[in-house]
Amino acid sequence: MPTDDQDEASFERRLAAARERHGLEKRAAADGPGEERLPVNPLALMFRVGVELVSALVVGVAIGFALDRWLGTRPWFLALFVVLGGAAGVLNVWRLVAPRPERAGRK
Amino acid sequence: MAAEGSSIDALSQFRLGHGLGEVGRSVNFTNANEIMLLAAALILGLLYFGMRERAMVPGRLQALAETFYDFVYNMCIDQIGEEGKKFFPFVFTLFSFILFGNLLGLFPYFFTFTSHLAVTGALALLVIVLVTVVALRYHGLHFFSYFFPAGAPKLLAPLIIPIEILSYLSRPVSLSIRLFANMTAGHVMFEVFASFMIMLATALGVIGYVMALGPLVLNVALMGFELLVAFLQAYVFAILTCIYLHDAVHLH
Chain A
98 MPTDDQDEAS FERRLAAARE RHGLEKRAAA DGPGEERLPV NPLALMFRVG
148 VELVSALVVG VAIGFALDRW LGTRPWFLAL FVVLGGAAGV LNVWRLVAPR
198 PERAGRK
Chain B
25 MAAEGSSIDA LSQFRLGHGL GEVGRSVNFT NANEIMLLAA ALILGLLYFG
75 MRERAMVPGR LQALAETFYD FVYNMCIDQI GEEGKKFFPF VFTLFSFILF
125 GNLLGLFPYF FTFTSHLAVT GALALLVIVL VTVVALRYHG LHFFSYFFPA
175 GAPKLLAPLI IPIEILSYLS RPVSLSIRLF ANMTAGHVMF EVFASFMIML
225 ATALGVIGYV MALGPLVLNV ALMGFELLVA FLQAYVFAIL TCIYLHDAVH
275 LH
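Protein chains in written order, with the working numbering: chain A, 98 to 204; chain B, 25 to 276.
It should be emphasised that the hints constitute simulated quantities derived from the structure, not laboratory data.
Just so it is clear, the structure is predicted and the values come from calculations on it, not from any experiment.
Just so it is clear, CB atoms sit at the ideal spot from N, CA and C, and this is done for glycine as well.
One or more of the hints may lead you astray.
What the hints assert, rightly or not - Sample of chain A residues facing chain B (criterion: CB under 8 angstroms; computed from the structure):
no., residue
1, 148
2, 149
3, 152
4, 153
5, 156
6, 182
7, 184
As the list claims (entries may be wrong) - If you want the ones that stay clear, here's a sample from chain A, every Cβ over 12 angstroms from chain B, calculated:
no., residue
8, 104
9, 105
10, 106
11, 109
12, 110
13, 112
14, 113
15, 115
16, 165
17, 166
18, 168
19, 170
20, 171
21, 173
22, 194
What the hints assert, rightly or not - Beta-carbon label-pair distances, calculated as ranges:
no., chain 1, residue 1, chain 2, residue 2, range
23, B, 36, A, 110, 51 to 61 angstroms
24, A, 106, B, 142, 52 to 62 angstroms
25, B, 249, A, 170, 43 to 53 angstroms
26, A, 106, B, 81, 14 to 24 angstroms
27, B, 161, A, 115, 26 to 36 angstroms
28, A, 110, B, 177, 49 to 59 angstroms
29, A, 115, B, 76, 20 to 30 angstroms
30, B, 85, A, 110, 20 to 30 angstroms
31, A, 167, B, 142, 23 to 33 angstroms
With the rest of the complex left out, here is chain A:
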C-alpha cells in the first residue's frame, strides 16, 4: 500500500500528463498533423494509394464529361481533365508518402 505522499505525487504526475494530452496546457504547436499515425501496414498503404489515384481520376473524368456535355465540345475537356485528374492523383499519392520535412516545406 503506497503512502499518501507517493499517491499524491503519482496523482499529480498523471493529472499533468492527462492535462497535456487534452490540450489544456498549451504545448509547442508545431507538431502538425500526424498523418504518419495512419496504419502503415503495406497492404493498407497499397490500397490507399490505389484509391487516391483512382478517385482523382474519377473526379477528373466526371468534370471533363460534364463540361463537354454542357459546352458541346466533346472530347476536348474530357481529354484535358483526364490528364489533370491523373496528375492530381499522383499529387495525392505524393502527399501520402512524402517524407515529413518535404511536406512542411511545401505550401
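Mind docking chain B on chain A? Use the hints.
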C-alpha cells in the same frame, strides 16, 4: 442467399429491402435504415447507461464509454490541435456511427449500411462541405490561396490550380470509396466462402462435408480480419476527417 446451382450470388446481400413490415413499405423505410437506427440507439444507449452511474471507479460499461470518448477526443486534439475540441462532437458522431455500422454488419441477417456507396458518399460529402465551410469561416477568401502553393512559379499557375482543385475534390471520393470498397469486399468474401461450403456439401456428399471444413475455417479467420477492418476503416475515416479539418483550420 445460397448459391443457386453452380453460380455464386455474392451481391444479393447488398440489396435493399423494406424494414418494419407494412408501415416500412409505405414510407420506403429500408433495412439499411433499420440498422442505422439500431446503431444510433446502441450508441446513445452505451453513452446513457454507461455514464449514468458516474462512478469514480468505472464499471465495465462506463469504462467502455469513457475509453470510447477518450479515444476520439485524443484523436481530435492530436490531429487538429487546440481547435480540435470544437470539432469533437462531429468527429465522435461520425466515428461511432461508422464503427457501429461496420460492426453490426458482421452479424448474420444484419444489413451493412456502410457497404453502400450512397451512404459513405453522403458521409464523405458532409465531411467535405463542413471542411470547406470551416476553412472559409476561419480564413475567408484567403482560403483560395490553398490551391496555389506559395513560392511556386506564377507561370505554372494555370496548371497547378486545376490540379490542386481536382486533388481537393477527390477527397470525398477517395474517402467514400475506401470505406465502401473495404466493407463490400469483406462481405463478398464471406459469401463466396460460404457458397463454397454449400457447393462442396451438395456436390460431393460425405467427402464434401469434410472438405467444406476448409472454407469454414477460412470464414472464421476472415471474421477476425473483418473485425479489424471494421474498426480500422471507421478509424481511418475519422482520422482523415481530422486531418482535413486540420488543413482547413491551419491552411498550412
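Tested hints:
{"no.": "1", "hint": "148", "result": "5 angstroms, holds"}
{"no.": "2", "hint": "149", "result": "5 angstroms, holds"}
{"no.": "3", "hint": "152", "result": "4 angstroms, holds"}
{"no.": "4", "hint": "153", "result": "4 angstroms, holds"}
{"no.": "5", "hint": "156", "result": "5 angstroms, holds"}
{"no.": "6", "hint": "182", "result": "6 angstroms, holds"}
{"no.": "7", "hint": "184", "result": "5 angstroms, holds"}
{"no.": "8", "hint": "104", "result": "14 angstroms, holds"}
{"no.": "9", "hint": "105", "result": "17 angstroms, holds"}
{"no.": "10", "hint": "106", "result": "20 angstroms, holds"}
{"no.": "11", "hint": "109", "result": "18 angstroms, holds"}
{"no.": "12", "hint": "110", "result": "18 angstroms, holds"}
{"no.": "13", "hint": "112", "result": "15 angstroms, holds"}
{"no.": "14", "hint": "113", "result": "15 angstroms, holds"}
{"no.": "15", "hint": "115", "result": "9 angstroms, violated"}
{"no.": "16", "hint": "165", "result": "16 angstroms, holds"}
{"no.": "17", "hint": "166", "result": "18 angstroms, holds"}
{"no.": "18", "hint": "168", "result": "16 angstroms, holds"}
{"no.": "19", "hint": "170", "result": "16 angstroms, holds"}
{"no.": "20", "hint": "171", "result": "19 angstroms, holds"}
{"no.": "21", "hint": "173", "result": "14 angstroms, holds"}
{"no.": "22", "hint": "194", "result": "15 angstroms, holds"}
{"no.": "23", "hint": "B/36 with A/110: 51 to 61 angstroms", "result": "57 angstroms, holds"}
{"no.": "24", "hint": "A/106 with B/142: 52 to 62 angstroms", "result": "55 angstroms, holds"}
{"no.": "25", "hint": "B/249 with A/170: 43 to 53 angstroms", "result": "48 angstroms, holds"}
{"no.": "26", "hint": "A/106 with B/81: 14 to 24 angstroms", "result": "21 angstroms, holds"}
{"no.": "27", "hint": "B/161 with A/115: 26 to 36 angstroms", "result": "30 angstroms, holds"}
{"no.": "28", "hint": "A/110 with B/177: 49 to 59 angstroms", "result": "52 angstroms, holds"}
{"no.": "29", "hint": "A/115 with B/76: 20 to 30 angstroms", "result": "23 angstroms, holds"}
{"no.": "30", "hint": "B/85 with A/110: 20 to 30 angstroms", "result": "28 angstroms, holds"}
{"no.": "31", "hint": "A/167 with B/142: 23 to 33 angstroms", "result": "25 angstroms, holds"}
Of the numbered hints given earlier, the model fails hint 15 alone.
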